[in-house]
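J.: Here is how the chains run, residue by residue.
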Amino acid sequence: MILTRLARSGRGGWLLLVAGLVAAFALPWLIYPPVALDIACWALFAASVDLLLGFTGLLSFGHAAFWGGSAYCTGLIALHTGMPFPVAIAGGAVFTALLALPIGFLSVRLSGIYFAMVTLAFAQMIYFVANQWRDVTGGENGLQGIPRELFGLDLSDSFFFYYAGLPFVLAGLFAAWRIVRSPFGRVLVSIRANPDRARALGYPVDRYKLQAFVLSAALAGTAGGVFSVGHGFASLEGVYWTTSGQAVMMVILGGIGTLWGGAIGAALIVQLQDFLATAGFAETGIITGTIFIVVVLLFRRGIWGTARHLLITRRTPATPADVAAEPKKSVDTPV
Amino acid sequence: MRVTGWGGCLAATGLLLAGCGGGPGGGDEKISDGKVVLAVLNDQSGIYADTSGRQTIEAVKMAVTDFQAKYGDKAASKTIEVKDADHQNKPEIANSKAQELYDRQQADVILDVPTSSAAFAVATIAKNKKKVFIDVGAASTELEGKQCNKYTFHYGYNSYMLAHGTGAEVTKDGSKNWYIVYPDYAFGQDMQKTFSAAIKEAGGTVVASDPTPFPNDNFSTFLLKAPNLDPKPQVIGTMQAGGDLVNLVKQYNEYKLRDKGVGLAVGLLALSDIHSLGSDALAGTRYTDMWYWNADEKSRAWADKFHAKTGKRPTANMAANYSAALQYLEAVQRGGTDNSDEVVKQLEGHKIEDMFARNATIRAQDHLLLHDAYLSEVKPSSEVKEPYDYVKVLKTIPASEAFQPRPDPACRL
Amino acid sequence: MLQQAFNGLVGGAFYALLALGLSVIFGMLGVVNLAHGAFYMLGAFGAFIALDAFGLNFWIALLLVPPLLGVAGIVLERLFIRRLTPLDPLYNFLFTFGLALILQDLVKREYGVSSQPYPRPQELDGTVDLGLFTYPAYQVFVLAVSVLMCVAVWLVLTRTRVGMIVRAATERPELTRGLGIDVGRWVTPVFGFGIALAAFAGVLAAPMRAVNPLMGADLIITVFAVVVIGGLGSVFGSVAAGFAVGLVSALGNLYVPALSQILVFILMAVVLLWRPAGLFGREEAFR
Chain A
1 MILTRLARSG
11 RGGWLLLVAG
21 LVAAFALPWL
31 IYPPVALDIA
41 CWALFAASVD
51 LLLGFTGLLS
61 FGHAAFWGGS
71 AYCTGLIALH
81 TGMPFPVAIA
91 GGAVFTALLA
101 LPIGFLSVRL
111 SGIYFAMVTL
121 AFAQMIYFVA
131 NQWRDVTGGE
141 NGLQGIPREL
151 FGLDLSDSFF
161 FYYAGLPFVL
171 AGLFAAWRIV
181 RSPFGRVLVS
191 IRANPDRARA
201 LGYPVDRYKL
211 QAFVLSAALA
221 GTAGGVFSVG
231 HGFASLEGVY
241 WTTSGQAVMM
251 VILGGIGTLW
261 GGAIGAALIV
271 QLQDFLATAG
281 FAETGIITGT
291 IFIVVVLLFR
301 RGIWGTARHL
311 LITRRTPATP
321 ADVAAEPKKS
331 VDTPV
Chain B
1 MRVTGWGGCL
11 AATGLLLAGC
21 GGGPGGGDEK
31 ISDGKVVLAV
41 LNDQSGIYAD
51 TSGRQTIEAV
61 KMAVTDFQAK
71 YGDKAASKTI
81 EVKDADHQNK
91 PEIANSKAQE
101 LYDRQQADVI
111 LDVPTSSAAF
121 AVATIAKNKK
131 KVFIDVGAAS
141 TELEGKQCNK
151 YTFHYGYNSY
161 MLAHGTGAEV
171 TKDGSKNWYI
181 VYPDYAFGQD
191 MQKTFSAAIK
201 EAGGTVVASD
211 PTPFPNDNFS
221 TFLLKAPNLD
231 PKPQVIGTMQ
241 AGGDLVNLVK
251 QYNEYKLRDK
261 GVGLAVGLLA
271 LSDIHSLGSD
281 ALAGTRYTDM
291 WYWNADEKSR
301 AWADKFHAKT
311 GKRPTANMAA
321 NYSAALQYLE
331 AVQRGGTDNS
341 DEVVKQLEGH
351 KIEDMFARNA
361 TIRAQDHLLL
371 HDAYLSEVKP
381 SSEVKEPYDY
391 VKVLKTIPAS
401 EAFQPRPDPA
411 CRL
Chain C
1 MLQQAFNGLV
11 GGAFYALLAL
21 GLSVIFGMLG
31 VVNLAHGAFY
41 MLGAFGAFIA
51 LDAFGLNFWI
61 ALLLVPPLLG
71 VAGIVLERLF
81 IRRLTPLDPL
91 YNFLFTFGLA
101 LILQDLVKRE
111 YGVSSQPYPR
121 PQELDGTVDL
131 GLFTYPAYQV
141 FVLAVSVLMC
151 VAVWLVLTRT
161 RVGMIVRAAT
171 ERPELTRGLG
181 IDVGRWVTPV
191 FGFGIALAAF
201 AGVLAAPMRA
211 VNPLMGADLI
221 ITVFAVVVIG
231 GLGSVFGSVA
241 AGFAVGLVSA
251 LGNLYVPALS
261 QILVFILMAV
271 VLLWRPAGLF
281 GREEAFR
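Protein chains in written order, with my numbering: chain A, 1 to 335; chain B, 1 to 413; chain C, 1 to 287.
It should be emphasised that the hints constitute simulated quantities derived from the structure, not laboratory data.
Among the clues, some could well be false.
[Said to hold, decoys possible] Only pairs whose alpha carbons sit at most 25 Å apart, straight line, appear in this in silico PhoX-like list of lysine-lysine:
#: 1; chain 1: B; residue 1: K298; chain 2: C; residue 2: K108
#: 2; chain 1: B; residue 1: K176; chain 2: B; residue 2: K395
#: 3; chain 1: B; residue 1: K312; chain 2: B; residue 2: K127
#: 4; chain 1: B; residue 1: K260; chain 2: B; residue 2: K70
#: 5; chain 1: B; residue 1: K312; chain 2: B; residue 2: K298
#: 6; chain 1: B; residue 1: K193; chain 2: B; residue 2: K172
#: 7; chain 1: B; residue 1: K345; chain 2: B; residue 2: K312
#: 8; chain 1: C; residue 1: K108; chain 2: B; residue 2: K200
#: 9; chain 1: B; residue 1: K256; chain 2: C; residue 2: K108
[What the hints assert, rightly or not] Computed far set for chain C versus chain B, every beta-carbon distance over 10 Å:
#: 10; residue: L106
#: 11; residue: M149
#: 12; residue: W154
#: 13; residue: D182
#: 14; residue: P207
#: 15; residue: M215
#: 16; residue: D218
We treat Cβ as the ideally placed atom computed from N, Cα and C, and that holds for glycine.
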């Protein structure tokens, strides 16, 4: 109710932003700090996938290559140069952007399921390299003992490290939000809605897609870097295709094209995994699978998307800003 | 959402303060939090769920019962709890869960932890938190090498034991020429290296060795290649595990390679794998195991107790976890405290003799448990007298030969 | 060498059967069925259960299990898939992904993760002399049956009226509808048929492969690559690509074992970059 009134007042956006920030800062007080950091990292990862899926119309099934690739790169920088971890994370993000350039260049020519499959293929190749190049990556054993160096500050406590890692995640989310709201983002949305028309209007569609792909990869890389420093290791799990699948799952759960929905999906799935680990119920697939099916059958807008839809339909008249924030309707329409 | 957020914040702050208030007072007591907590962290839902999984928790509980029965009122701690968590085969879940078990569940020791990447992650946490970690499930020798630390112990088996025992003994038995197939990841690569070294040392030759995709369901290429190699291998050494192993053995039998004079030796074989294939499919296959439930009276007696509790026969991993839990509790008893440094001191160099660990010592330099291992052979079904009795022990490999003879110089505790 | 090529074809037979089912389903419904691997697994478990609980041998299982699972597929289509087909294909992609997770873990709950024992049928225990070399009889049987199956499907598709409608609807859905043919009537049976094919492959796999809950999940990613290489929705393409990928991976194992793990993906990437709709696919089917 309060939310509806807030939304109606037109300042809902700001209040939600404040609420979100408060939630982000309060998280390690409410739940176990390492889990809180996982949620933050996955939230940014999900946002990066949503940037492609929800705003450019590209379903990447290979984003694990960027998340995991950056985890290795960040870890290697921190491990071998002893540089403070923010430098290492930045290095990881730059590395993934560079990695995304050729992959994106070759992939964006395809669309739909073909794009998903070819990104998956590239991610599998990265997985293969990480598995084979044991001297550097540690192979199956993973890259262990990544330090949390920051000018001699003691960050070994996960509670404090959460606040050291959070700025990266927030900066990443802010960047994603800026991209979506920029003229560049509007072009992406138009490409998603109708690539042919965008092309006819004179936009170099593939170049826009490539730029979006690289930006998205850099965000995923930032998230992966924070994750690897937070856990102190990088593993093959990070570059495996199930990781890509999990990020997509979070986006769907939260709501495609909502950007912040991914954070809710991330919170839910990470918490669920954490809970199931000690619940004594081994068949996690039954629960995650059911959630999936229920969301797909009943809440196709996802959690955030459904909530926003309810708010918007109750409110009259809609402000222009909110109409712009509802770019996902066409997903529900027949192909 | 905002309101509950702040409320939660306040509540959490309150709890934290309360926790801090209670903290310093607890420093002096012999048993932290007034109880000893054993935590089993392993794979309860993935591919290792049947070799250790939830049954291992039962084995650890049996160790607690036996310990309490032995010491009664004299036990160093009145309360002993067993907690568990499922790492779902993901190192990052192992990492967060290990922190949570030590921090929030007051775990004094973490047990099991299969897959090397997860084991290394937990070892790092154990080192940082100065808490004991006894790994059973991981095979990597790096756990007592580059990745070793003061609080981490490796208990039961490793790739050296698996590969060296089988490689050396089968070669000495007359199968000089080997063809090795191994899954292309760290475990397989380690096994291939150790196996080859052991074979050469024993006077044999590795004719060829091939990496295979992982996971893989079609091994025909390698099996067809085997008899045509020059010189013809007398034995195929496979480092596959679980479902891949089952695939390989089924196909090995289809090509009737045993009739063509090409035997089979397996790097890592679990009781559950033999059950899957039926013992005839593997009859005559040799491998090294750390324990077998029907090897002698002592192990049999324990296996019967386990069977009475769970209705199943224990795998070697479950027995190893029982022994690890029991020896941890014994160390607490000897030192009179669950303080990690004291427990480590009590465990280092300690000689152990229980139903699992025979002629055993925990080597002080690298925290590796040295104990007798067994060269075993799968029996044909005609010799199987009762369910799950698939194996006969051919030879005991003495503790001094079963594991690395010298600690890895890369290990600095 | 010849023997190795033959072995590649046997491996390819499984890819081809699975890819064929996936392809007709995709063509008719536009559904990328991620649960296909789970139905392959259920086929193998069906054979195991038939033997273990009812004492029915391999041959009966081969006749019985695929139609049963096909019916299950029909029910599934009627209840759920149908509601999602008018929407973005993404939703069925996700629905079937969730379904695969559930099926896999239900089986895991009942039978554990270890493989279940399943013997080869006695009639096919020996080896067959194929002139140039001898080969295990069962594998020869698998190849022969799969080829026969693919040929039979091909004949049905090309020689019967039903087949022509299905093929037309698969390869040019809009045009077929435009001609006033009621494609909708054939959607459900085709889905059931695709599932039955997966189950058929599963029963065939039981005697020679590890029967465990993960057997389908391990395979399905490769089969997807196969379908994409052949061209989604192209019936001939998926069968041809199935056998080709089987050959390539067998020879890859032989000559470049270190690379074999990703050979299929390299192949897929190359094909897609060269022909964005796959070898036999049609560009406009996906725009």
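J.: Give a verdict on every hint.
T.: Structure-based check of each hint:
1. Proximity of K298 (chain B) to K108 (chain C) is assessed by CA-CA distance (about 33 Å); at most 25 Å being required, the pair is judged violated.
2. Restraint check: the Cα-Cα separation between K176 (chain B) and K395 (chain B) comes to about 19 Å, which is no more than 25 Å; the hinted pair holds.
3. For the given pair, K312 (chain B) sits about 36 Å from K127 (chain B) by alpha-carbon distance, which is inconsistent with the 25 Å threshold.
4. For the hint linking K260 (chain B) to K70 (chain B), the alpha-carbon distance of about 55 Å lies beyond 25 Å, and the restraint is violated.
5. For the hint pairing K312 (chain B) with K298 (chain B), the CA-to-CA distance comes to about 17 Å; that is within 25 Å, so the pair holds.
6. At most 25 Å may separate the alpha-carbon atoms for a hinted pair to count; K193 (chain B) and K172 (chain B) meet this at roughly 18 Å.
7. Using a Cα cut-off of 25 Å, the hinted pair K345 (chain B) and K312 (chain B) is violated, with the two alpha carbons roughly 36 Å apart.
8. For a cut-off of 25 Å, the pair hint linking K108 (chain C) to K200 (chain B) is broken: about 42 Å separates their Cα positions.
9. For the hint pairing K256 (chain B) with K108 (chain C), the CA-to-CA distance comes to about 31 Å; that exceeds 25 Å, so the pair is violated.
10. At roughly 13 Å from the closest C-beta of chain B, the C-beta of L106 (chain C) stays outside 10 Å, upholding its exclusion from the interface.
11. Consistency note on M149 (chain C): stated as away from chain B, and its beta-carbon is indeed over 10 Å from all of that chain's, at 19 Å minimum.
12. No beta-carbon of chain B comes within 10 Å of the beta-carbon of W154 (chain C); the shortest separation is about 25 Å.
13. Against the 10 Å criterion, D182 (chain C) stays outside the reach of chain B, whose nearest CB is about 41 Å from its own CB.
14. Not every Cβ of chain B is farther than 10 Å from the Cβ of P207 (chain C); the closest lies at roughly 8 Å, contradicting the non-interface assignment.
15. Not every beta carbon of chain B lies more than 10 Å from that of M215 (chain C), the smallest distance being close to 7 Å; the non-interface claim is violated.
16. The non-interface label for D218 (chain C) is inconsistent with chain B: the shortest C-beta to C-beta separation is roughly 5 Å, within 10 Å.
In summary, the structure is inconsistent with hints 1, 3, 4, 7, 8, 9, 14, 15, 16 from the numbered list given earlier, while agreeing with the others.
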